[in-house]
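Asks: Dock chain W against the given chain V, drawing on the hints supplied.
Chain by chain, the residues run as shown.
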Amino acid sequence: MLLIPTSSSSSSSSSSSSLLPQSFFNSNSYSSNHHSLFLPNLRYPILHGSRKLKNLRLRANFWESIRSGFVKDNNTTQLVEPPSTIEEDTEPLVPVEFTLVERTLQDGLIEEIIFSSGGEIDVYDLQGLCDKVGWPRRPLSKLAAALKNSYMVATLHSVMKSDSDSSEGDNGQKKKLIGMARATSDHAFNATIWDVLVDPEYQGQGLGKALVEKLVRALLQRDIANISLFADSQVVDFYQNLGFEADPEGIKGMFWYPK
Amino acid sequence: MLLGGTISTPPASLRDEDLKSRGFLLRRTAEGLNLDQLNSVFVAVGFPRRDTAKIEVALEHTDALLWVEYEKTQRPVAFARATGDGVFNAIIWDVVVDPSFQSCGLGKAVMERLIEDLQAKGICNIALYSEPRVLGFYRPLGFVSDPDGIRGMVFIRKQRNKK
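Sequences listed follow chains V and W, in order. Residue numbers for the first sequence, in our numbering: 1 to 259. Residue numbers for the second sequence, in our numbering: 1001 to 1163.
These aren't lab readings, by the way, just hints derived from the structure by calculation. Heads up, a few of these hints could be off.
To be verified - Label-pair distances were calculated between CB atoms; the ranges are:
hint: 1; chain 1: V; residue 1: Asp122; chain 2: W; residue 2: Lys1020; range: 47 to 57 Å
hint: 2; chain 1: W; residue 1: Gly1142; chain 2: V; residue 2: Gln106; range: 47 to 57 Å
hint: 3; chain 1: V; residue 1: Lys132; chain 2: W; residue 2: Ser1103; range: 50 to 60 Å
Said to hold, decoys possible - Capping the alpha-carbon separation at 25 Å, the derived lysine-lysine pairs in DSS-like fashion look like this:
hint: 4; chain 1: V; residue 1: Lys132; chain 2: V; residue 2: Lys161
hint: 5; chain 1: V; residue 1: Lys209; chain 2: W; residue 2: Lys1121
hint: 6; chain 1: V; residue 1: Lys259; chain 2: W; residue 2: Lys1108
hint: 7; chain 1: V; residue 1: Lys148; chain 2: W; residue 2: Lys1054
hint: 8; chain 1: V; residue 1: Lys132; chain 2: V; residue 2: Lys209
hint: 9; chain 1: W; residue 1: Lys1054; chain 2: W; residue 2: Lys1158
hint: 10; chain 1: V; residue 1: Lys132; chain 2: V; residue 2: Lys148
hint: 11; chain 1: V; residue 1: Lys259; chain 2: W; residue 2: Lys1158
hint: 12; chain 1: W; residue 1: Lys1121; chain 2: V; residue 2: Lys148
To be verified - Here are some, though not all, of the chain W residues that point toward chain V, as calculated from beta-carbon distances under 8 Å:
hint: 13; residue: Asp1085
hint: 14; residue: Ala1127
hint: 15; residue: Gly1142
hint: 16; residue: Val1154
We put the beta carbon where it would ideally sit given N, CA and C, even for glycine.
The following block holds chain V by itself, in its conformation from the complex:
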């Protein structure tokens, strides 16, 4: 049994993976009066220092930055990392926190799915979520340390409120952690995504896709040129659809004495 907490289900013996890469927002999967998709929440648009990056986009050859190897090279030609090509970033900056989905449920309750890259996460909630998807238990203190040492922690929370509740914030509202993804990084060249998970009750709605897509965008906007991950075989397609390529140019992921 592979005990590596990878980008998805870490236990090969668990029958359900933490991510079921199903169809995008299947609007028939729940009964709703209306739902909005990807609403930037203008009520509290806390923007990062990513604004300061002024929409830089690097064109450096990605695999040059991740080569682990050496070669006898007697020629004198030298590769220079291409200067960053500053171009208009037509994609909007990812706010730290915004509403991904808002839908009215049958009983009149309004459910908001909120994405956040601010990293505010209760480690007990996370452990509960990991239990739900069937991952082996990890010590709470280590979980907390891993989160603290991560460059970015993206979360999905579900907030329930009644129709009549027009107040902002979560005063008395039920807020539930339903998804998470995190990335480690050297803050300059590389980032690696780990532990992508979505509550099984919320799978099949495109939330996992949104979670990873927003995380990747946020990383790119922080100028991290190389974003990598390790995918269990059953979720390789899921990540391919999000723009990830397996074994690019033959580069292989390797693990040291995996269990």
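Replies: Just chain W now, with coordinates in the frame of chain V:
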């Protein structure tokens, strides 16, 4: 019956004293590491030349690193570093040996010690991305590619066409 002739076996790991006696100093912090010289080693093995300010940032946020200083020139001749979350996962990046110093066990020496240091921190999941032609370097060190069908994946950004 004893057979004559030499049997080719992989060289034994270099011990710290072996390295010292050959004029190589092991370093575990970036202190004293000249980033321009490190950049030259990167370039010598085919990496792009990178902004040293960015290298500095990367090293500040690196969990563990190891480099070999050639005493005679005081220059770095081998290097490797690892990033991660400090408890579960680590990825090893930028493994390089100056071409003039390759094939004498320095790469292996650096990798073995880096892995040891990561293990001492309690990190059990150590991974890396290997170019196809150096898979043979990592395998004898204990690395397995695609264990259980796990695939390394990288996000590919589409080149935008300027108008």
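Asks: Give a verdict on every hint.
Replies: Verification of the supplied hints:
{"no.": "1", "hint": "Asp122/V x Lys1020/W: 47 to 57 Å", "result": "50 Å, holds"}
{"no.": "2", "hint": "Gly1142/W x Gln106/V: 47 to 57 Å", "result": "55 Å, holds"}
{"no.": "3", "hint": "Lys132/V x Ser1103/W: 50 to 60 Å", "result": "51 Å, holds"}
{"no.": "4", "hint": "Lys132/V x Lys161/V", "result": "24 Å, holds"}
{"no.": "5", "hint": "Lys209/V x Lys1121/W", "result": "33 Å, violated"}
{"no.": "6", "hint": "Lys259/V x Lys1108/W", "result": "22 Å, holds"}
{"no.": "7", "hint": "Lys148/V x Lys1054/W", "result": "22 Å, holds"}
{"no.": "8", "hint": "Lys132/V x Lys209/V", "result": "19 Å, holds"}
{"no.": "9", "hint": "Lys1054/W x Lys1158/W", "result": "23 Å, holds"}
{"no.": "10", "hint": "Lys132/V x Lys148/V", "result": "22 Å, holds"}
{"no.": "11", "hint": "Lys259/V x Lys1158/W", "result": "36 Å, violated"}
{"no.": "12", "hint": "Lys1121/W x Lys148/V", "result": "16 Å, holds"}
{"no.": "13", "hint": "Asp1085", "result": "4 Å, holds"}
{"no.": "14", "hint": "Ala1127", "result": "5 Å, holds"}
{"no.": "15", "hint": "Gly1142", "result": "5 Å, holds"}
{"no.": "16", "hint": "Val1154", "result": "5 Å, holds"}
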